[in-house]
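Protein chains in written order, with my numbering: chain W, 1 to 635; chain E, 1 to 228.
No lab work stands behind these hints, which were simulated from the structure alone.
Positions of the beta carbon are idealized from the N, C-alpha and C atoms, including for glycine.
Please note that a few of the clues may not be correct.
[Unchecked claim] Chain W side only, calculated, beta carbon under 7 Å to chain E, not exhaustive:
| # | residue |
| --- | --- |
| 1 | MET408 |
| 2 | ASN410 |
| 3 | ARG416 |
| 4 | LEU417 |
| 5 | THR419 |
| 6 | PRO423 |
[Said to hold, decoys possible] Selected chain W positions facing chain E (in silico; Cβ < 10 Å):
| # | residue |
| --- | --- |
| 7 | PRO128 |
| 8 | GLN402 |
| 9 | PRO403 |
| 10 | ALA405 |
| 11 | ALA406 |
| 12 | ILE407 |
| 13 | GLN412 |
| 14 | SER414 |
| 15 | MET425 |
| 16 | LEU427 |
| 17 | SER437 |
| 18 | ARG441 |
| 19 | VAL443 |
[Unchecked claim] Distance ranges between label pairs, derived from CB positions:
| # | chain 1 | residue 1 | chain 2 | residue 2 | range |
| --- | --- | --- | --- | --- | --- |
| 20 | W | ARG448 | E | GLY29 | 34 to 42 Å |
| 21 | E | MET96 | W | ARG484 | 27 to 35 Å |
| 22 | E | PHE42 | W | VAL428 | 27 to 35 Å |
| 23 | W | VAL428 | E | MET96 | 34 to 42 Å |
| 24 | W | SER420 | E | ARG140 | 27 to 35 Å |
| 25 | W | ALA551 | E | MET96 | 42 to 50 Å |
| 26 | W | PRO552 | E | SER94 | 48 to 56 Å |
| 27 | W | ARG448 | E | PHE42 | 28 to 36 Å |
| 28 | W | THR335 | E | SER94 | 55 to 63 Å |
| 29 | E | SER94 | W | SER420 | 49 to 57 Å |
| 30 | E | MET96 | W | GLN461 | 53 to 61 Å |
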Amino acid sequence: MQPRRQGLSDPTRAYRSCQGPLDAPWQWCVVAPVLFDARVTGVVLLLQAAAIVVLGLALRRRARERTSADGRLQFERLLAELSADLSTVPTDRADEAIGHWVARLGSHFEADRVALVQFSDHSSRLHPTHTSDAGPWPPLPDCYEAEELPTLIGDIRQGRVVRLSRMADLPAAAGADRATLAAAGVQALVAAPLAPGGQPIGLLAVMMSRCERHWSAETVLQLQLVAGVMGGTLLRRNNERSLRSIDALSGAVLSSLSARVAVLDGKGTVVRANEAWLAPERSNGIAWAPVGQNYLAVCRSSPEHESGATELARGIESVLAGEQSGVRLECSTSTPSGEHWYEVVAEPLRRPTGGAVVMLTDLTARKRAELEAQQHRAEAAHAARAATLGELAAGLAHELAQPLAAIMTNVQASRRLLTSEQPPMALVGEILDDIASDDVRAVEIIRRMRALLVKGQVDVQPLDLNELVGDVLRLVASDAILRRIRVHRRVEPDLPGITGDRVQLQQVILNLVVNGLEAMSEMPAPRRHLNIETDLREDGLTVRDHGPGIAPDLLGKIYEPFFSTKSDGLGMGLSICRSIAEAHGGRLRAANHPSGGAVFEFALPVATVDRPPETRRIQERRSYAYDRSDGLHSR
Amino acid sequence: MPTIVQTVFILDDDVSFCRALERLLHVLGYRVQAFQSAFEFFAHWSPDVAGCLLLDLRMPDLNGLEVQRRLAGLEPELPIILVSGEADVPSCVSAMRGGAADILLKPFQEEELVAALTRALARDHRRRQEQAEQTDLRTRLATLTPRELGVFRLVAKGILNKQIAAMLGTKEGTVKMHRGHVMRKLGLGSVAELVNFADRLKLDDPCPGMHALAGRFRSEPATTAAEA
Numbered sequence: 001m002q003p004r005r006q007g008l009s010d011p012t013r014a015y016r017s018c019q020g021p022l023d024a025p026w027q028w029c030v031v032a033p034v035l036f037d038a039r040v041t042g043v044v045l046l047l048q049a050a051a052i053v054v055l056g057l058a059l060r061r062r063a064r065e066r067t068s069a070d071g072r073l074q075f076e077r078l079l080a081e082l083s084a085d086l087s088t089v090p091t092d093r094a095d096e097a098i099g100h101w102v103a104r105l106g107s108h109f110e111a112d113r114v115a116l117v118q119f120s121d122h123s124s125r126l127h128p129t130h131t132s133d134a135g136p137w138p139p140l141p142d143c144y145e146a147e148e149l150p151t152l153i154g155d156i157r158q159g160r161v162v163r164l165s166r167m168a169d170l171p172a173a174a175g176a177d178r179a180t181l182a183a184a185g186v187q188a189l190v191a192a193p194l195a196p197g198g199q200p201i202g203l204l205a206v207m208m209s210r211c212e213r214h215w216s217a218e219t220v221l222q223l224q225l226v227a228g229v230m231g232g233t234l235l236r237r238n239n240e241r242s243l244r245s246i247d248a249l250s251g252a253v254l255s256s257l258s259a260r261v262a263v264l265d266g267k268g269t270v271v272r273a274n275e276a277w278l279a280p281e282r283s284n285g286i287a288w289a290p291v292g293q294n295y296l297a298v299c300r301s302s303p304e305h306e307s308g309a310t311e312l313a314r315g316i317e318s319v320l321a322g323e324q325s326g327v328r329l330e331c332s333t334s335t336p337s338g339e340h341w342y343e344v345v346a347e348p349l350r351r352p353t354g355g356a357v358v359m360l361t362d363l364t365a366r367k368r369a370e371l372e373a374q375q376h377r378a379e380a381a382h383a384a385r386a387a388t389l390g391e392l393a394a395g396l397a398h399e400l401a402q403p404l405a406a407i408m409t410n411v412q413a414s415r416r417l418l419t420s421e422q423p424p425m426a427l428v429g430e431i432l433d434d435i436a437s438d439d440v441r442a443v444e445i446i447r448r449m450r451a452l453l454v455k456g457q458v459d460v461q462p463l464d465l466n467e468l469v470g471d472v473l474r475l476v477a478s479d480a481i482l483r484r485i486r487v488h489r490r491v492e493p494d495l496p497g498i499t500g501d502r503v504q505l506q507q508v509i510l511n512l513v514v515n516g517l518e519a520m521s522e523m524p525a526p527r528r529h530l531n532i533e534t535d536l537r538e539d540g541l542t543v544r545d546h547g548p549g550i551a552p553d554l555l556g557k558i559y560e561p562f563f564s565t566k567s568d569g570l571g572m573g574l575s576i577c578r579s580i581a582e583a584h585g586g587r588l589r590a591a592n593h594p595s596g597g598a599v600f601e602f603a604l605p606v607a608t609v610d611r612p613p614e615t616r617r618i619q620e621r622r623s624y625a626y627d628r629s630d631g632l633h634s635r
Numbered sequence: 001m002p003t004i005v006q007t008v009f010i011l012d013d014d015v016s017f018c019r020a021l022e023r024l025l026h027v028l029g030y031r032v033q034a035f036q037s038a039f040e041f042f043a044h045w046s047p048d049v050a051g052c053l054l055l056d057l058r059m060p061d062l063n064g065l066e067v068q069r070r071l072a073g074l075e076p077e078l079p080i081i082l083v084s085g086e087a088d089v090p091s092c093v094s095a096m097r098g099g100a101a102d103i104l105l106k107p108f109q110e111e112e113l114v115a116a117l118t119r120a121l122a123r124d125h126r127r128r129q130e131q132a133e134q135t136d137l138r139t140r141l142a143t144l145t146p147r148e149l150g151v152f153r154l155v156a157k158g159i160l161n162k163q164i165a166a167m168l169g170t171k172e173g174t175v176k177m178h179r180g181h182v183m184r185k186l187g188l189g190s191v192a193e194l195v196n197f198a199d200r201l202k203l204d205d206p207c208p209g210m211h212a213l214a215g216r217f218r219s220e221p222a223t224t225a226a227e228a
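With the hints as extra help, turn the sequences into a complete structure.
This is how it looks when you write it as structure tokens:
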């Protein structure tokens, strides 16, 4: 239906047109015939009566028209007030205001009930959110299912006004609607859709419960106008509410994170942070900045370099500059309450103005558990190794006792023989031969023992020394952090390939690195640096620590089995390392650096290109090494 | 230098050590016989040969402790010096319990070896002497008649002739006569010598059946049995 806009937009003209009939000259003719004779008088009286009737009708019509004009004026005022009020009301008070205006509409329309019904966001339900009742009518339920009012909802959703002067106006098919409306005590109803921006979000209904009512076109029009204003308000309120709920959700997500999270803008200033971040007592020594301060500046001005603040600042900078798609680093701090480990993740903020999200996760508990587990593993491994070595040593002791006892006994016998007057030199010579062969036997036993400690079969394959170094450094990374040692790796990218057993060579490198780390445990923090380098020179791999170095008189002994300067050392590490190095055709050398600390140089022969890599038994190499070292006996 | 000819047996599977030890003991003046396996040793060894055994604890076929166990059942017992390559406490303990004379740890000094050998040989010498004495005493005791043996037993316990007569159900004169025979046959001069003879004779029960008899006259038969 078409709203009659023009009539309402110019109410004064309508009013003027109502006054028109009172000024007309023919009205005076009704009074005139009273002055003439009786016959005429009868006719005149009749005419007068007719005129009175006509006048009465005119007056009634005028009165009615005046009422209608007053009603229009009243509505104009109401609409103005409604628009002014609802357009300025803050969204948190919008519901209250709408409730107030729904009540005002009830009295304006002289209706028994006015209800504002909203569709729910995700289902087909309807919720009467605001109602105004002019009497004790049965209350409306909290919600209606779409199936309860299919016809009505269908019309509303299509933007049509539903006008029912009586229930009988409902089409015969709308049985469900009829039953639902009857249950609510509705006798007449007019409903306009709330469809701001063309999207139906609900309806505004005016209902009669006492009687049926004819809804004038003007009433419908007014209702539509009011519904338009209210719909706009509701839309504004809903939008703001959902914005606020998104904001509240992100705030809740942030504060529910146990990690400490800060959002930085493009320059590194903290623009938002969660509760955990904002609690400075939880910073545990790591750089911290409140909202509004520049976090990068705080990191850079951090006094100590130990907690990795400089590194952190560099990482965040690169993320802010877009050089990196994310930075992740681990750092540790030491506070009066103990050691703390953090994982710092900086991710770029995906928005046009840039920025970054910095997240600090406390790894202390996990790290401690990890270190403990690692320690247990190391202890268990040590115990297992010690037990194996113990067995080996017991076997070795018995094995060695035989030739040693024979040598000793032979020596004693020959000493006796030589003190006699005519020493039987032939016999003494025989004894010396026996002593020599027992010595060979003893050497062989020791060699066998060492061979047992180095794995039996090896898998020789082409390897990249730099890769092995990387593997080993990954293994010891947390150990180094725990010991507060900085490991500096410098690798030669164009290193020629080598061949060997991956596990054994890793074992050698690991041994050298761990020895270096352990050597620095007593050193002051600034000296705790371990350098590991690969280069093209003859010594492929160099491991240098800044510990106390090796005492000059011990330099020759460190490769001996069971020689150890550590209280809990087995003294097998370097001995095995050297065996492995030799088995690979390489060599292991130890020296003291002129400026302090020990240097271990591990050299391996370069793999020849023309020969394909093959799997050999290290046993072959070992026997070769043995054959070559016959000179040992005469030493 | 031992006076009686004693042999030092060596049982060690290590040929070189065996040979060295044999040489040294030869130089030191011992009579030596070396074996490399327990079977070889048992095949050649006889209990009559005096001496001692230097026994290696760890041997492949029959280990030292087992050899010791086998020898333990034989008379006269051969003193054993265990030679071990390591101080294996449980083995040493069981060797000592099994009656080993000594334990030497390889490699050992000459002095240790000589001291251990001297002790072991002296022990063997003493044992052999004791054994010879026992044989002598038993031979002499065997000349007595059962009746005389009974009288000997009771006299050795310090029982008076009159009581002996009552116990054996004879006259005191008869007991005296038997006692005279005993003294003469065993070549004893006094009661004290007789008691000494009975003491040296380490017989469990020189007069079987006498307990019950003695029990009739003694208030404590259990004590009698124990003393016997």
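Results for each hint:
no., hint, verdict
1, MET408, "holds, 4 Å"
2, ASN410, "holds, 4 Å"
3, ARG416, "holds, 4 Å"
4, LEU417, "holds, 6 Å"
5, THR419, "violated, 9 Å"
6, PRO423, "violated, 11 Å"
7, PRO128, "violated, 94 Å"
8, GLN402, "holds, 5 Å"
9, PRO403, "holds, 7 Å"
10, ALA405, "holds, 4 Å"
11, ALA406, "holds, 4 Å"
12, ILE407, "holds, 7 Å"
13, GLN412, "holds, 4 Å"
14, SER414, "holds, 8 Å"
15, MET425, "violated, 14 Å"
16, LEU427, "holds, 7 Å"
17, SER437, "holds, 7 Å"
18, ARG441, "holds, 8 Å"
19, VAL443, "violated, 14 Å"
20, W:ARG448 <-> E:GLY29: 34 to 42 Å, "holds, 39 Å"
21, E:MET96 <-> W:ARG484: 27 to 35 Å, "violated, 56 Å"
22, E:PHE42 <-> W:VAL428: 27 to 35 Å, "holds, 34 Å"
23, W:VAL428 <-> E:MET96: 34 to 42 Å, "holds, 37 Å"
24, W:SER420 <-> E:ARG140: 27 to 35 Å, "violated, 48 Å"
25, W:ALA551 <-> E:MET96: 42 to 50 Å, "holds, 45 Å"
26, W:PRO552 <-> E:SER94: 48 to 56 Å, "holds, 49 Å"
27, W:ARG448 <-> E:PHE42: 28 to 36 Å, "holds, 33 Å"
28, W:THR335 <-> E:SER94: 55 to 63 Å, "holds, 60 Å"
29, E:SER94 <-> W:SER420: 49 to 57 Å, "violated, 41 Å"
30, E:MET96 <-> W:GLN461: 53 to 61 Å, "holds, 56 Å"
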